[in-house]
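Put together the whole structure using the sequences plus the hints.
Protein chains: 2
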Amino acid sequence: MAKNQEKTLRVGLAGLGTVGAGTFKILQANADLITRRTGVRIVVTAVNARNKGKDRGIDLSSVEWVDNPIDLASHPDVDVVVEAMGGENDPALSLVKTALQNGKSVVTANKALLAHHGVDLSRLSEKHNAPLMFEAAVAGGIPIIKMIREGLAANNISGLYGIMNGTCNYILTTMERTGESFSDVLEEAQKLGYAEADPTLDVGGGDSGHKLVLLGALAFGCQPDYQNLSVEGIDRLSAEDILIAGEFGSRIKLIGQTVKLEDGRILQMVSPCLVPRTSPLAHVDGVLNGILSQGDFVGLSFVEGRGAGEGPTASAIVSDLMDLANGVNGPVFGIPADQLQSSPSASRDDWTGEFYMRLVVQDRPGVIAEIAPILRDHQISIESLIQRGRSADQPVTIVIITHQTTGKNIRLACQEIADLPSVLDDPLTLPILKI
Amino acid sequence: MAKNQEKTLRVGLAGLGTVGAGTFKILQANADLITRRTGVRIVVTAVNARNKGKDRGIDLSSVEWVDNPIDLASHPDVDVVVEAMGGENDPALSLVKTALQNGKSVVTANKALLAHHGVDLSRLSEKHNAPLMFEAAVAGGIPIIKMIREGLAANNISGLYGIMNGTCNYILTTMERTGESFSDVLEEAQKLGYAEADPTLDVGGGDSGHKLVLLGALAFGCQPDYQNLSVEGIDRLSAEDILIAGEFGSRIKLIGQTVKLEDGRILQMVSPCLVPRTSPLAHVDGVLNGILSQGDFVGLSFVEGRGAGEGPTASAIVSDLMDLANGVNGPVFGIPADQLQSSPSASRDDWTGEFYMRLVVQDRPGVIAEIAPILRDHQISIESLIQRGRSADQPVTIVIITHQTTGKNIRLACQEIADLPSVLDDPLTLPILKI
Chain D
1 MAKNQEKTLR VGLAGLGTVG AGTFKILQAN ADLITRRTGV RIVVTAVNAR NKGKDRGIDL
61 SSVEWVDNPI DLASHPDVDV VVEAMGGEND PALSLVKTAL QNGKSVVTAN KALLAHHGVD
121 LSRLSEKHNA PLMFEAAVAG GIPIIKMIRE GLAANNISGL YGIMNGTCNY ILTTMERTGE
181 SFSDVLEEAQ KLGYAEADPT LDVGGGDSGH KLVLLGALAF GCQPDYQNLS VEGIDRLSAE
241 DILIAGEFGS RIKLIGQTVK LEDGRILQMV SPCLVPRTSP LAHVDGVLNG ILSQGDFVGL
301 SFVEGRGAGE GPTASAIVSD LMDLANGVNG PVFGIPADQL QSSPSASRDD WTGEFYMRLV
361 VQDRPGVIAE IAPILRDHQI SIESLIQRGR SADQPVTIVI ITHQTTGKNI RLACQEIADL
421 PSVLDDPLTL PILKI
Chain U
1 MAKNQEKTLR VGLAGLGTVG AGTFKILQAN ADLITRRTGV RIVVTAVNAR NKGKDRGIDL
61 SSVEWVDNPI DLASHPDVDV VVEAMGGEND PALSLVKTAL QNGKSVVTAN KALLAHHGVD
121 LSRLSEKHNA PLMFEAAVAG GIPIIKMIRE GLAANNISGL YGIMNGTCNY ILTTMERTGE
181 SFSDVLEEAQ KLGYAEADPT LDVGGGDSGH KLVLLGALAF GCQPDYQNLS VEGIDRLSAE
241 DILIAGEFGS RIKLIGQTVK LEDGRILQMV SPCLVPRTSP LAHVDGVLNG ILSQGDFVGL
301 SFVEGRGAGE GPTASAIVSD LMDLANGVNG PVFGIPADQL QSSPSASRDD WTGEFYMRLV
361 VQDRPGVIAE IAPILRDHQI SIESLIQRGR SADQPVTIVI ITHQTTGKNI RLACQEIADL
421 PSVLDDPLTL PILKI
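Those sequence lines, one after another, are chains D and U. At position 111 of the first sequence (counting the first as 1) the number is 111 in the numbering used here, and the numbers step up by one without a gap. At position 340 of the second sequence (counting the first as 1) the number is 340 in the numbering used here, and the numbers step up by one without a gap.
Don't take each hint at face value.
Identical copies go unnamed one by one, so any copy, or any two together, can satisfy a pair.
Below, computed lysine to aspartate or glutamate pairings styled on EDC-like, alpha-carbon distance capped at 20 angstroms [claimed, not checked]:
| hint | residue 1 | residue 2 |
| --- | --- | --- |
| 1 | Lys-408 | Glu-176 |
| 2 | Lys-127 | Glu-310 |
| 3 | Lys-7 | Asp-338 |
| 4 | Lys-25 | Asp-296 |
| 5 | Lys-434 | Asp-285 |
| 6 | Lys-7 | Glu-176 |
| 7 | Lys-127 | Glu-6 |
| 8 | Lys-408 | Glu-383 |
| 9 | Lys-25 | Glu-232 |
| 10 | Lys-7 | Asp-198 |
| 11 | Lys-408 | Asp-363 |
| 12 | Lys-25 | Glu-64 |
| 13 | Lys-97 | Asp-184 |
| 14 | Lys-52 | Glu-64 |
FYI, nobody ran anything at the bench for these hints, they're computed from the structure.
Laid out in structure tokens, this is it:
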């Protein structure tokens, strides 16, 4: 509680892109506020970035420039390294490792780094008593790491369900609003800067997967396990899917979910899902992120906010710096690395619930008579079925909503259905999230 | 980070109602989890409640019973007192004060106590280096205190807007769903245990006010100021108001809002408001709570969850205990008590925006011609106007949506309108929340 005597926390900032520059700006703009709330002045003393000459709209004249990021890890005027470079390997990995080895705290926004090297880094952090914090790595503007690690810490968490990629959510929201195709909206999003030139990591679901793995580690006290993750992206969705989902009272969202099954296995899955409009996740629009968690005493908790961008991500980084200034120092994933469990994992096969199944078939009588027995043979019963697009010689879309079944039944049935001559495309199947 | 050697945090629990019994249950049920996450065993060593013999479904055999709650404050086997008695004065006040004076930490769910005595207790906490924590006092299941104090701490907060009373939200949601009157739904809620026998503090807005004052203190670094609070409850709302609001694309919610105005004054206001369906607050239904905050870097953040009840409130209390076990120790309202500002306050007069105005008038030609000049004279322009209920000799409801104006203009205009002979009831005016 010794907040009267003003101390200084010296930051070495690696990377001056969106995240790094934003961090610099907020530390300057809200310096007085930050000191009032911590009793500590948090100042950037040294920086590194790829391009020294670039104008970033920030005044670096009072800050030392180092030419190699790794130098920040041993810099005498640096107490904490902010790693805002990104990338799961070097130079980010070496920088973080070396900083921790030198007893310097680290704050990072790097989800890929932690998803792949989280356990090792957690061990290193404990060994050298150097905290490693990563609020900015998941859903920037939403303090979800703190919420799971501390706010809801008294609860056994049974599941987390999140919209954690703003690019995908922007694309899906726009497809719904305009009726345009995935590829048209993606192109537009790229022009607007909402999607990367290579959008694979976003629209393929990998980015959501990185974040999901970190949330699961915190929630379940298990090792971040990027290997056992079922990932599907949004690239196969059509505007028609979104329209039909709407007729069923649902919206389609890219959901990352990590759920503890009754047998103790942990399911980690990124997949577009139908989300009924009664769920708060259904109302997360545009570039926003939203995360729903379920705890045994607290019940459902939902948070929504901006998931990326300069301001929100920098806000998260600086909240970690303020925690450090306040003396917070705990294990990276909430419990010591050696106690993180290596939980047996489940797969999409184990997901249980209702499914949306979309088939594109030839327009001729008898197709449904071919499909229905296959579903029956895999214990899949039909809750409703609609057929669309009957114009001469055009393919027809059939959408089936199933009763509760398993991902495995769906997969096996779809393998057989795909082999039918009248079925023109691989079936698309989307879990229906009832939460 | 010394989480390997198991220590014990000994809890003295005052009050065994919903909150106290829930705390006891979660500490037992999730004991292993809690120890794994803190390295500390958190155990209840002593309890007090009004009725020793009552069956609460918990086994108190291993716990010492003290006959006077104040004894917990000096009990040698108590490190932290959990105050779950409620009430802004004694015995809760004396218990908390004495515990702090004795250097014992305190965790409380008591919003009234802190709203009225927050500054004094904050000083006492600092003087004796004894943390006082209150996550459970506001929106039980939502870790909003931690979110404002830590998660969003890097931001200048410009406003907080919350649905913080589950009873009111249940009543409004039910009125909307069934079309029943306020009094009918209240009676039903009382039978179901969702409303107290004396519902004044809930439906009158006072309970929301207590919570709002605490959030404002944290967000703005000002002293909790229960005196300068504009409070209106939900008892004047009709099912027709809710219906008409729906036609304007809005729902009616009891909103507590605390906003920093451009001149630096702080507005604290509890009032039913129209909330457009585009706002996440519009989708907070039933007994849930939801809070929207706006920060300069992070933008809008929204959280939703269960606001009361045994599980959520106990979850919040135990999260505070776990923070204490982890060594968290900061000023009660985020900054030292002496630095809490005594900000000049604004009132409902200063609220700027659009309003919903409902008038009940005699059904005769010319009434609107009497009202329109009054609005004009107070710089209030009409965005839309509808008239309802024209059946012979029955009063007519007129609803006006205004363009942007101030609470003061609305108040002055309504004073004149209420004096018109053809106006049968005091006008009802509801701010329209555009966030």
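Report task. At 20 angstroms max between alpha carbons, let me know whether Lys-25 reaches Glu-232 within a copy, between copies, both or neither. Result -> neither (36 angstroms within a copy, 40 angstroms between copies)
Query raised in the report: Quick one: Lys-408 to Glu-176, C-alpha cut-off 20 angstroms, is that within a copy, between copies, both, or neither?
Result: Neither, since 29 angstroms and 42 angstroms both go past 20 angstroms.
Report task. Pop the pair Lys-127 and Glu-310 into one bin, within, between, both or neither, using alpha-carbon distances up to 20 angstroms. Result -> Result: close neither inside a copy nor across copies, 33 angstroms intra and 40 angstroms inter.
**Report entry** 20 angstroms Cα threshold - placement of Asp-285 relative to Lys-434
**Finding:** both (19 angstroms within a copy, 17 angstroms between copies)
Query raised in the report: Are the CA atoms of Lys-52 and Glu-64 at most 20 angstroms apart within a copy, between copies, both, or neither?
Result: Result: close within a single copy only, 11 angstroms intra versus 67 angstroms inter.
Query raised in the report: Given a CA cutoff of 20 angstroms, do Lys-127 and Glu-6 count as a within-copy pair, a between-copy pair, both, or neither?
Result: This pair counts as between: shortest inter-copy Cα distance 18 angstroms, intra-copy 29 angstroms.
Report task. At 20 angstroms max between alpha carbons, let me know whether Lys-7 reaches Asp-338 within a copy, between copies, both or neither. Result -> between (34 angstroms within a copy, 19 angstroms between copies)
Query raised in the report: For the identical chains here, do Lys-25 and Asp-296 meet the 20 angstroms Cα criterion within one copy, between copies, both, or neither?
Result: Result: close only across copies, 12 angstroms inter versus 40 angstroms intra.
Query raised in the report: Is it within, between, both or neither when you check Lys-408 against Glu-383 at 20 angstroms Cα-Cα?
Result: Answer is within: at 18 angstroms inside a copy they meet the 20 angstroms cutoff, but 56 angstroms across does not.
Query raised in the report: Within a copy, between copies, both or neither: where do Lys-7 and Glu-176 come within 20 angstroms Cα-Cα?
Result: neither (52 angstroms within a copy, 55 angstroms between copies)
Query - Intra- versus inter-copy proximity for Asp-184 and Lys-97 (alpha-carbon distance at most 20 angstroms) - result: Cα proximity of Lys-97 and Asp-184: none, with 42 angstroms in one copy and 64 angstroms across.
Query raised in the report: How do Lys-7 and Asp-198 come out at 20 angstroms by Cα distance, when the copy is not named: within, between, both, or neither?
Result: neither (44 angstroms within a copy, 51 angstroms between copies)
The structure does not agree with the numbered hints 1, 2, 6, 9, 10, 11 and 13 stated previously, though it agrees with the rest.
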